[in-house]
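Please model the complete structure; the sequences and the hints are all you need to start from.
Listed here are the chains, written in short residue letters.
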Amino acid sequence: AQKVTQAQTEISVVEKEDVTLDCVYETRDTTYYLFWYKQPPSGELVFLIRRNSFDEQNEISGRYSWNFQKSTSSFNFTITASQVVDSAVYFCALYTGRRALTFGSGTRLQVQP
Amino acid sequence: DTGVSQDPRHKITKRGQNVTFRCDPISEHNRLYWYRQTLGQGPEFLTYFQNEAQLEKSRLLSDRFSAERPKGSFSTLEIQRTEQGDSAMYLCASSPGTSDYNEQFFGPGTRLTVL
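Protein chains in written order, with our numbering: chain A, 1 to 113; chain B, 1001 to 1115.
Listed next, with one range per pair, are the computed distances between beta-carbon atoms:
(1) B:Leu1060 / A:Ile60: 34 to 40 Å
(2) A:Val13 / B:Glu1068: 43 to 49 Å
(3) B:Gly1003 / A:Gly62: 19 to 25 Å
The hints are simulated quantities; they were obtained by calculation from the structure and are not laboratory data. Ideal Cβ positions, reconstructed from N, Cα and C, are used throughout, including at glycine.
See below:
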């Protein structure tokens, strides 16, 4: 069975602070993909990143960075110098080739000006 | 706009009524998914189409739910005899299908409220 755990229900930071969103996953498959999606107040899920199980290199995209560690089954997401526009619910998701994404319960990020 | 579109965006209905939602995927995406999202939770998979074939259904999809994708393009999700527990956001997603691991592109969702 697949499972994704996002233990942080809600995080509040002040603009320009760095913030890390945690994601822990469970799967018995050796081949899988991990995703992060952003859901702003408008409701539409926006794709942020996809990472496969064979690539543990960290990735940086502008203010966003991702740390994938198979040893701890974690795929954490860091926003550097947060901005008010980063306020949203962020979902981590797991895909194992069984057609559907398994999502975590999400972390609501509030960035205060 | 070339993204996934869903109609209606909001639907309020009385318990016991039938409702139907429509999803138009990104053109040429042959895979289409339906998810349900309740407040404070992540989306949960309901069903999946490859072209017009419905290949997988979740146990969440009770007998009152039916989905179709008649010509492999748009899809409809119908809920019969709605119950208050059906109140949720219904999300549609599509993917190209060139790989099992393509990212899924989501529509804005249809928010259903059952009174």
